[in-house]
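Novice: Residue strings, one per chain:
Protein chains: 2
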Amino acid sequence: MIEKVNLAAKLATFADHWTPRMVGEVNDCAVKLVKIQGEFVWHHHEAEDELFLVVKGRFRMDFRDGSVPVEEGEIIVVPRGAEHRPVADEEAHVLLFEPRTTVNTGNVTEARTVRTPERI
Amino acid sequence: MIEKVNLAAKLATFADHWTPRMVGEVNDCAVKLVKIQGEFVWHHHEAEDELFLVVKGRFRMDFRDGSVPVEEGEIIVVPRGAEHRPVADEEAHVLLFEPRTTVNTGNVTEARTVRTPERI
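Protein chains in written order, with the working numbering: chain A, 1 to 120; chain B, 1 to 120.
Since the hints were derived computationally from the structure, they do not count as laboratory data.
A hint or two may mislead.
Stretches of chain A that chain B covers, calculated by requiring three or more beta carbons in the stretch to come under 8 Å of a beta carbon on chain B [to be verified]:
hint : stretch
1    : 3-13
2    : 18-31
3    : 40-52
4    : 55-68
5    : 106-115
Even glycine gets a Cβ: it sits at the ideal position worked out from N, Cα and C.
Construct all of the structure, not just a fragment, from the sequences and the given hints.
Specialist: If you want it as structure tokens, here you go:
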């Protein structure tokens with residue numbers, strides 16, 4: 001039988017920030033959940049667009065030419081090549097929809113880089 | 001500047017059922033919103049998985065071997081080839097992630113078939 005995914009239940013299974021977990025796959029894309037707080041690293045994705053949907057809280061997406069506040073129930077799509085940096089003053093819960101191969105820090109490798117997200 | 005999408009604001013722009021609107025694009029996938037109520041048609045998608053995320057309300061996904069109730073904040077991914085039929089006793093608002101080319105009624109053509117969703 002095909003199983004559904006409860007976002008809140010999946011989010012309750014982890015507490016750390018900036019480490020996306022995979023909760024589903026659709027065609028060649030992954031559905032990921034991540035908790036964020038603080039400033040992430042500036043990066044871009046060479047060949048992949050990335051969708052962020054705020055499930056809880058809010059964050060700000062910084063671009064080199066300005067910032068976009070993204071609230072609960074809002075989506076932002078970062079097109080390939082666009083340098084961006086998510087920043088959350090308080091903890092926010094975000095659903096990501098992106099190719100299975102997308103690395104969270106894009107062209108940058110640092111302490112928070114996750115190449116193979118855990119499936120939860 | 002890159003614009004965000006407020007799901008509730010987009011959903012407020014239309015009232016009809018079973019007619020998905022496109023609100024964003026991510027790689028070769030479309031993000032669509034649809035209001036559903038009643039029984040849809042049994043169908044499948046030959047080559048595409050389809051993700052349903054309940055933004056408001058609830059619905060039931062019927063499969064030939066059983067049904068899955070899907071609540072607000074829950075996701076169900078219908079794999080390619082699986083015959084399915086969404087049913088909503090009361091109006092529900094659903095976000096869809098699927099290839100840009102996916103037709104809502106899959107292998108079936110009927111009155112509610114939408115081949116080119118309006119972009120809102």
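Novice: Against which earlier hints does the structure fall short, listed by number upward?
Specialist: 5
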